[in-house]
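Taking the working numbering as reference, the numbering of the sequence shown is continuous, increasing by one, and the terminal residue is 397.
Everything labelled a hint here was simulated from the structure, so no lab data went into it.
Just so you know, not all the hints are guaranteed correct.
Straight-line Cα separation of at most 30 Å, DSS-like style, residue types lysine-lysine; simulated pairs [to be verified]:
#1 LYS224 with LYS288
#2 LYS224 with LYS334
#3 LYS332 with LYS287
#4 LYS243 with LYS288
#5 LYS219 with LYS342
#6 LYS287 with LYS224
#7 LYS332 with LYS219
#8 LYS243 with LYS313
#9 LYS334 with LYS287
#10 LYS219 with LYS308
#11 LYS375 with LYS219
#12 LYS224 with LYS375
#13 LYS342 with LYS287
#14 LYS313 with LYS224
#15 LYS375 with LYS334
#16 LYS342 with LYS332
#17 LYS332 with LYS375
#18 LYS219 with LYS313
#19 LYS375 with LYS342
#20 LYS224 with LYS342
#21 LYS287 with LYS375
#22 LYS288 with LYS375
#23 LYS334 with LYS288
#24 LYS334 with LYS219
#25 LYS308 with LYS243
#26 LYS332 with LYS288
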Amino acid sequence: MVMLLYLRTYIKIHMLKRFASLLLLLLPTALFAQEVEKGGDQPEKRKRMSKPSRDFVMLQFTYEGWANKPDSVKTGGIGRGFNAYLCYDFPLKNSNFSFAAGVGIGTSNVYLDNQELSLYSATDSVARFLPETQSYKKYKLTTAYLEAPFELRFFGNKMNRNKGFKAAVGFRAGTLIGAHTKGKLDNNVVYKTNTRNHLENWRFATTARIGWGNFTLMGSYNLNKLFSEGEGPQITPYSLGICITGL
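Build out the structure end to end from the sequences listed, making use of the hints.
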C-alpha cells in the first residue's frame, strides 16, 4: 500500500516537471508571437501614412481669354492653353493643409477674328492689331513661359489625397521664353513670325483650384498686362480650365 502511494506521488511529480518544462519552452514562443501580432500592423500603418498622393504632377488644360481688351481687338474661336508643373508638397504638421512650390511650362494660344497682329516692324514702336492681309483660316498668338507655381492647399482626405474634396489658392510667376504669330490659309500654307517684341517679359498671376480627387476646376488671372507698358493695348490674360493632379 505504501509502495503504491509512493509510486503515484512519483508519477505526479514527474508529470508536473515535464509540464513545467514544456510550459517554459512554449512561453517565449507565445510572447514572440504576441509581439509580432501587436507590431504586425505598424508597418502597414506606416505604409498607409506614407501612401497619400502629394499632387507632385499638375497638368492643366485651359480656355485662354483676354480681359480689358479694347473694341478694336477682336478675338474668335476657342483660345487654348496647356500647363505642366512638377511640384513639391510640404505638409503643415498634422493638419489638412500643405504648401507647394514647383516649376514647369505654361502655354497660351489666342485666336483673332479677321485680324492679324504686327509685332515685328522696323517702323512701329507698338504692337498693332490690323485687318488681315490674307484670307486666314486661323490666326493666333502663341506665348510660352517658364513658370514657378506656389499654392496653399487643403485636402479633405489627408490619408489619400487621390480621393475626397480638395482646394488650393496660389500665385504663379513666369518668364517669357517664346512667342510667335501664326496664320494658316485654306490651302494649308502657313505664315509664322517668331518674335517677343512688345510683349511683357514676365507674367504674374493669382490662381485657384477646387474639385474632388485627381480632378479640379481651375482659374488664373494675370496681375500684369500682356504687352509692355506703352507698347500695346493693356490686355489682361486669364485662364479657366481643368487640372489633373497625382503622384
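With a cut-off of 30 Å on the C-alpha distance, tell me whether LYS332 and LYS288 pass. Given pair LYS332, LYS288 holds - Cα atoms ~8 Å apart, limit 30 Å.
Measure nothing beyond the straight line between the CA atoms of LYS332 and LYS375; if it is 30 Å or shorter, mark the hint as holding. Holds. LYS332 to LYS375 sits at ~21 Å (cutoff 30 Å).
Within 30 Å, alpha carbon to alpha carbon, are LYS313 and LYS224? Outside the cut-off at roughly 42 Å; violated.
Against the 30 Å threshold, does the CA-CA distance of LYS334 and LYS288 hold or violate the hint? It holds: about 5 Å lies between the C-alpha atoms, which stays within 30 Å.
What's the verdict on LYS243 and LYS288, does the C-alpha distance respect the 30 Å limit or exceed it? violated (51 Å)
Holds or violated: LYS224 and LYS288, Cα atoms, limit 30 Å. holds (13 Å)
Checking one constraint from the list: CA of LYS288 to CA of LYS375, max 30 Å. Satisfied? Roughly 24 Å separates the two Cα atoms, so the pair holds.
Holds or violated: LYS224 to LYS375, with C-alpha atoms at most 30 Å apart: Distance ~17 Å between LYS224 and LYS375 Cα, so the pair holds.
Agreement of LYS332 and LYS287 with the hint, judged by alpha carbon distance not exceeding 30 Å: Holds: LYS332 and LYS287 sit about 11 Å apart, inside 30 Å.
Hey, LYS334 versus LYS287, does the alpha-carbon distance stay inside 30 Å? holds (6 Å)
LYS224 and LYS334 were given as a pair; does the straight-line alpha-carbon distance stay at or below 30 Å? Since the Cα atoms of LYS224 and LYS334 sit roughly 17 Å apart, the hinted pair holds (cutoff 30 Å).
Next pair to validate is LYS243 with LYS313; report whether the Cα-Cα distance is within 30 Å. The hint holds at about 20 Å.
Hint violations for this structure: numbers 4, 10, 14, 18, all remaining hints satisfied.
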